[in-house]
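Colleague: Got chain V sorted already, so can you dock chains E, S, B, L and H onto it with the hints?
Take a look at the letters that make up each chain.
Number of protein chains: 6
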Amino acid sequence: MDLNENKIYKIIGKVESINSGAHFCNTTVVTKDNEHINIKLDFDQLSDVMMGKIYEFTALAVVKLEDELVLKLKSLKPVEDVLSAQELSELVNHFYVYAPIPMVDIKKGIETFLNKIENEILSKITKQIYQTHEKQFYMHPAATKFHHAYVGGLSYHTLTMLKLIDPFIEVYPYLNRDLLYAATILHDMSKISEISGVDGEYTKEGLLIGHLVMQTLDVDHVAKSLGYENTEEVLMLKHMILSHHGQLHFGSPKKPQTGEALLLWFIDTIDSKFTVLGEVLEDTAEGQFTQMISVLDKMRFYKPKK
Amino acid sequence: MDLNENKIYKIIGKVESINSGAHFCNTTVVTKDNEHINIKLDFDQLSDVMMGKIYEFTALAVVKLEDELVLKLKSLKPVEDVLSAQELSELVNHFYVYAPIPMVDIKKGIETFLNKIENEILSKITKQIYQTHEKQFYMHPAATKFHHAYVGGLSYHTLTMLKLIDPFIEVYPYLNRDLLYAATILHDMSKISEISGVDGEYTKEGLLIGHLVMQTLDVDHVAKSLGYENTEEVLMLKHMILSHHGQLHFGSPKKPQTGEALLLWFIDTIDSKFTVLGEVLEDTAEGQFTQMISVLDKMRFYKPKK
Amino acid sequence: MDLNENKIYKIIGKVESINSGAHFCNTTVVTKDNEHINIKLDFDQLSDVMMGKIYEFTALAVVKLEDELVLKLKSLKPVEDVLSAQELSELVNHFYVYAPIPMVDIKKGIETFLNKIENEILSKITKQIYQTHEKQFYMHPAATKFHHAYVGGLSYHTLTMLKLIDPFIEVYPYLNRDLLYAATILHDMSKISEISGVDGEYTKEGLLIGHLVMQTLDVDHVAKSLGYENTEEVLMLKHMILSHHGQLHFGSPKKPQTGEALLLWFIDTIDSKFTVLGEVLEDTAEGQFTQMISVLDKMRFYKPKK
Amino acid sequence: MDLNENKIYKIIGKVESINSGAHFCNTTVVTKDNEHINIKLDFDQLSDVMMGKIYEFTALAVVKLEDELVLKLKSLKPVEDVLSAQELSELVNHFYVYAPIPMVDIKKGIETFLNKIENEILSKITKQIYQTHEKQFYMHPAATKFHHAYVGGLSYHTLTMLKLIDPFIEVYPYLNRDLLYAATILHDMSKISEISGVDGEYTKEGLLIGHLVMQTLDVDHVAKSLGYENTEEVLMLKHMILSHHGQLHFGSPKKPQTGEALLLWFIDTIDSKFTVLGEVLEDTAEGQFTQMISVLDKMRFYKPKK
Amino acid sequence: MDLNENKIYKIIGKVESINSGAHFCNTTVVTKDNEHINIKLDFDQLSDVMMGKIYEFTALAVVKLEDELVLKLKSLKPVEDVLSAQELSELVNHFYVYAPIPMVDIKKGIETFLNKIENEILSKITKQIYQTHEKQFYMHPAATKFHHAYVGGLSYHTLTMLKLIDPFIEVYPYLNRDLLYAATILHDMSKISEISGVDGEYTKEGLLIGHLVMQTLDVDHVAKSLGYENTEEVLMLKHMILSHHGQLHFGSPKKPQTGEALLLWFIDTIDSKFTVLGEVLEDTAEGQFTQMISVLDKMRFYKPKK
Amino acid sequence: MDLNENKIYKIIGKVESINSGAHFCNTTVVTKDNEHINIKLDFDQLSDVMMGKIYEFTALAVVKLEDELVLKLKSLKPVEDVLSAQELSELVNHFYVYAPIPMVDIKKGIETFLNKIENEILSKITKQIYQTHEKQFYMHPAATKFHHAYVGGLSYHTLTMLKLIDPFIEVYPYLNRDLLYAATILHDMSKISEISGVDGEYTKEGLLIGHLVMQTLDVDHVAKSLGYENTEEVLMLKHMILSHHGQLHFGSPKKPQTGEALLLWFIDTIDSKFTVLGEVLEDTAEGQFTQMISVLDKMRFYKPKK
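Residue numbers (our numbering), protein chains in the order written: chain V, 7 to 312; chain E, 7 to 312; chain S, 7 to 312; chain B, 7 to 312; chain L, 7 to 312; chain H, 7 to 312.
You may find that some hints are simply not true.
With a cut-off of at most 25 angstroms between alpha-carbon atoms, the simulated DSS-like pairs for lysine-lysine come out as follows [stated by the list, open to error]:
#1 Lys309/L x Lys122/B
#2 Lys311/E x Lys210/S
#3 Lys230/S x Lys230/V
#4 Lys230/B x Lys309/L
#5 Lys133/S x Lys210/H
#6 Lys279/V x Lys261/E
#7 Lys133/S x Lys311/H
#8 Lys279/B x Lys210/H
#9 Lys130/S x Lys309/H
#10 Lys304/V x Lys210/B
So these bits of chain B aren't anywhere near chain E, every CB distance computed over 12 angstroms [claimed, not checked]:
#11 Val36
#12 Val55
#13 Lys59
#14 Asp73
#15 Ser95
#16 Ile107
#17 Tyr136
#18 Gln137
#19 Lys141
#20 Asp172
#21 Pro173
#22 Leu223
#23 His251
#24 His255
#25 Ser258
#26 Lys261
Here are the computed distance ranges between Cβ atoms for each label pair [to be verified]:
#27 Val88/V x Glu238/E: 51 to 61 angstroms
#28 Glu235/S x Glu176/E: 36 to 46 angstroms
#29 Asp303/L x Leu232/B: 26 to 36 angstroms
#30 Leu232/B x Glu140/L: 53 to 63 angstroms
#31 His29/V x Ile24/H: 47 to 57 angstroms
#32 Gln137/S x His29/V: 35 to 45 angstroms
#33 Asn236/V x Lys312/H: 52 to 62 angstroms
#34 His29/V x Lys304/H: 54 to 64 angstroms
#35 Asn236/V x Met7/S: 53 to 63 angstroms
#36 Lys304/H x Lys141/S: 21 to 31 angstroms
Hint data in this document are derived by calculation from the structure and do not stem from the laboratory. Where a beta carbon is used, it is the ideal one built from N, C-alpha and C, also for glycine.
Okay, chain V solo, but in the shape it has when bound (with noise of 0.2 angstroms):
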């Protein structure tokens, strides 16, 4: 990259390191087109900066020692800020291994179930707690491990879901077509709090409180908001969203009680196994057996010759 002096760049790239010592201050991206950039920052800018994260740096280019030109941090701004969701749709694929279908897709089918909401109540809870995280959630992985643990896979494993609930409804139809959206929208948005995105790791907050009850504590707030606390509609969305893990020993303080609550478990629980058995046995040979798989009960699953 030439630069010129005092001019400023604006450059979107990834964080490939974070360098720091007594005397020095930088980060290198590396851009879409594979260019490693070096920038400069102050001090009390690092802290800003999060390994893997891309961002839109604006810097400005300035002299150092014998007459080197180098990149000196004025701003930055998280990609997702500054970016079109086409164009993020486009980004991310170059930069990581993202889910099976773009992520306008993902969106796009995600928003047509929000949209197909009818009670109120539900609609504009679902809608405002979804406009609150809508950026991080296309962005972030379902897990740390296991299943769906590449970036954007909250989202499709989210879609899948949703996939799944009108044919249940068709076969059981006393189910409640509306609650099951909004749950399974939003049953594992918190994960975006609980799941630091970029490296994986449980947060504080997430290891003691965990992303059952932060998202209740969130639908919570939000119908107390909006007032509607004390509906029938609120209190059976925080009962799914805090038994959608199914037994207590699974980290559900209270089991399913409700039609909804139960298929919301089977249908969280079916996708888990299914798109990463389903992974799994594209790389694996007709014929022969996989290698253990740990969201599987740690079995071996054979696939069969056609």
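Modeller: Frame of chain V, contents of chains E, S, B, L and H only:
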């Protein structure tokens, strides 16, 4: 019922009581028109008649002491060997609590799926076993208690499971449709011999071998007779039937180790729970909890207010 | 009770029966002096009166058919809104089996600990929640069965637990006193809404959400309203409340992960066991075994000879 | 080994290595006299040769480039099809770690019990299955690890179990001797197809069906072919084979429900533990503990001082 | 029974009732000849007499009011202190359901094994403990319910276990015969003090210490008194007694860690199951299932058709 | 160290190495002043010296080849038999990681409680056992790993537990103080023989009998020697010691069945957890999680920010 001496009567009725002593032996049957008719039996006819079953009785009117006319059994046939599917479908609703869908519709539904099996090996084996048990299949409950414990429950449960297969294959296209159709139709077929259809008692073979292994033996035998014993299809089918209780402690000697086997377990479990839940919720007021439901972990479920 | 026409009477009594039919609607209450008094109700007053609760009834003496005078309800208030703490403390002993210590003494004890909380955040949050529920807190049992199942049990149990904290801190001085005081006072507060105080039934919210999460929601809400939502203290407090059942299979969505959370679980467990044991041993002869005690693993305990 | 051109050689040897590439294909075998001999193969002979197995190779000496003589395989037979029992018994000790008793003695022992079965149905079925697998039965280990994991282990384990039957019948005379002999001889026979005898890997059928059900299928098939399928004896035999792991979580689809089935489980368990214990104690000094023993609950055992 | 004044009568009888009030105190006993005899007691003799036990009563015929003669107790002895083994053996069959073998034969059997112990330490300890409890040993049931719950059950169970030892040693010759004889004879001896022999109630010591530790204390005490406390034999014996319930959750503080300890557990388990099974099958028709059997995992067992 | 020929030296040191071969036999010890001294041994003195222990060595300076002076061992005594409590207390800190409180203070603390036992039976038994083991008691770790695994850990753990008793009795006054003091002092005393104090290996008796039963045997023996074997106190004491692991699967043959036994389990559990937690938290930064802690269910704990 007015009787004429020496006339032969054909009576279709359900056995209400069987009475025998040192000097008497007879059965009382109830007809579709709610008439209660007593038919005398020879002692060696006693074991042909089972409480609660429907037969076509052929009987002769003969004179008893003091000029009274009585009916004397000539022969009898299970009613399913005498009536057309349509007639039988109508008849069972007179005598039993039947599944929520008429027998003819269940039958039509199941046979539609049966005919959609394209793989020749799976198609031939499934059809041969189906045809052997066809009549009893639609008269049998799925269980002695817990779920689908009404006449026709076995076939109704099978049909609902079949309806869930296509949606899953749409989301997880690596799954084999023919295997799923075949194994679903066959998975509980041996309950016909495991549980005595009328009084719901387990048979000796049911207790000592169980329907999972009984059905595997059946598939193995038919496969051998058709020359298919060493095919991949037969191995997959036997594995699915053996493993469809999902866990060793539920009586499967092997856990599911193919995607199809895993899905069979899931849709079997799901239907056994959601069908019961739907039935219980129908009898529960909105805003109330149900009674404890055995098949749902002995939990009470809540019916939300609309 | 002698009545004068058109006079207003103020009666404090416990509801003994509620009677209503097409043409009548009344309640019979019993007073401290064991007088049984019938009060006529309008149909729309029916839902204000709960079996077993104590109210101050304001009623007018009116003439019924044939010159008989009857009392007609004007209005009513829960007795805890009318009497002083001292008066209430004396009254409950007339009407209920109360905890082994008088209500005023339990109250004085608990407020002593409440006032010893030095940390401002913990002090403000705990006091605000305490004051909201103060009245019902001293009238509530701790459970529907098992332990402390008498009126006042909730506050009595809380006080005993508070008394165990200081000795533990003396031996393990790294533990935080303020967190332990605050969390102990709050840990079971939501039982007031989880269990209906009079008939001891679980409420809908109690069954679907449970007092652990209900209380966490409450702390979260109050903390937000006071601007403390992101403090270490609030996170610690929420974690302690969520985890105080100690194990996932006892309904805590997270296990204790701080020393204070672990101790809260221990002293809660210990008090629930040793208080019951003390009560049962009192009714057991020396040299004999007690009956099976539910809360003590269904064991029988031995009372040694002195 | 000196070779003469165009002469045919018969060599009995154990396959040491199989080597193939674009332009070569051969195997090296080792003989009883510890001679290592290379034999050239056609590519289509490759799959007939298994590592570690002993064959009689018939090979022709032919001229290769530069006047070198090499052996060219004509045909081969498993050695058990060529040698007498006595010869085979001697041979295996040269090539394998064999069970503690010579093969001929194990064989004589087992056939003595086989011939003591008086019940005609049990005798015919057991003999027919035994004869089908006779050769491999004495060459097979009982397991891939844990217990009796040496060549001949399967038959040695079977013989020891047979020796325990009579003493039990003496103490509990209601037990059926013929059922116990027959089921003991057959109970693990299908391990021959469950575990590949040479490398100790589980086969596909072994993993998906398992030796309990495989052996039940075998008994069922033979019983049908002999016209015995509806006899009490066959039902008892199938139940014993299915249930001989004793518990659902050990892979038996049914728990033992006859005295004979229960005893079969006990003597199978006992022999698997006490034989291993004896072998490990032999390598342990008096007054010392053994290493952890897998098959004994991972416990260390103590060898007392004499 | 005709009485002569002032004559002394010796009566052997089983206590049928004990009656006492302000002004009366007597017992009614039944004799071998089915005579019911009332004997007057002093109040301080009351505690010497236990319901259901057999004594030799020495009584004096004295005159009561109105010339009636009554018997007045002089003294009494447990019948086992008065009769020879042969006489006692015959007597118990008149009064109790006794074990399936006569008492004298059980005694002869057990003493044969006792005398076969060659190791001096084990022989002396076992004999000393045996002689202390000899009399009660043959009068005691093995349990209050479940298995061997008849008079003599304890010794009968011990004898059957002894019979199984030699066959096992023949197959697994590394096991120590003397240890197995000694530990088998002693393993349940303390049930005499754990369970009150007459009414089958657990004693205080039985509940708080248990027969495993009680017997270990007994062996330890006798070993110390004989100067054997530091021998290998005594350590092995104590370990076997402590561990003979096999698993911690069955009340053994240590699991078996010697071959002899492991076998003791197995033969104890086996005999407790197979003896009950034999008894229950005797009362079951061929081709039928038994009732649920507690000691057999609450399973129903099948009795095959011959 | 300067040696003079034929002079006797008294050296207190900890054994650092023991060296022996065909022609040499000696030990190197390190003194308080960090001097390393080699002392020659006769071969028959070899087994008197244990690695890691501290002794007073009495040695004679003798001439070796070439005029070199060496020390030749005359005799040795465990240092605890030579020094006063005060001297020993100071010495152990030179050689070992000792408990957080000086030995003399632990000793003073424990003896204070020992002297507060008023009941004569409990006092005499506890004192007699204490005095027998007094010296080793203060030199022993409480465990080979997990908790209190440093020298003096056993007595330190005992003292902390004693400190918790009085507060509990204040809250639950029905508990017996003397029983709690006595059982707490004795409960782990047999760890001295269960675990070899120096290398932390389990002894043969420890593995086969365990400290719970070993200590019960000890109490039983001392009680018998004092004529107290049939007292209520001794039964209570034995029950408390046996049951102090609380659950069968933790190795207690009986669960706690008295209030005192239950409390002993609780304070033992609590101290084993909270002491470790305190130690680990000391090494953890605020705002961080600890490593996994074995004794705390393998959980990581959080250290809050102040």
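Colleague: Okay, which hints does this one fail, numbers in order?
Modeller: Violated hints: 5, 22, 23, 24, 25, 26, 32, 33, 34, 35, 36; rest satisfied.
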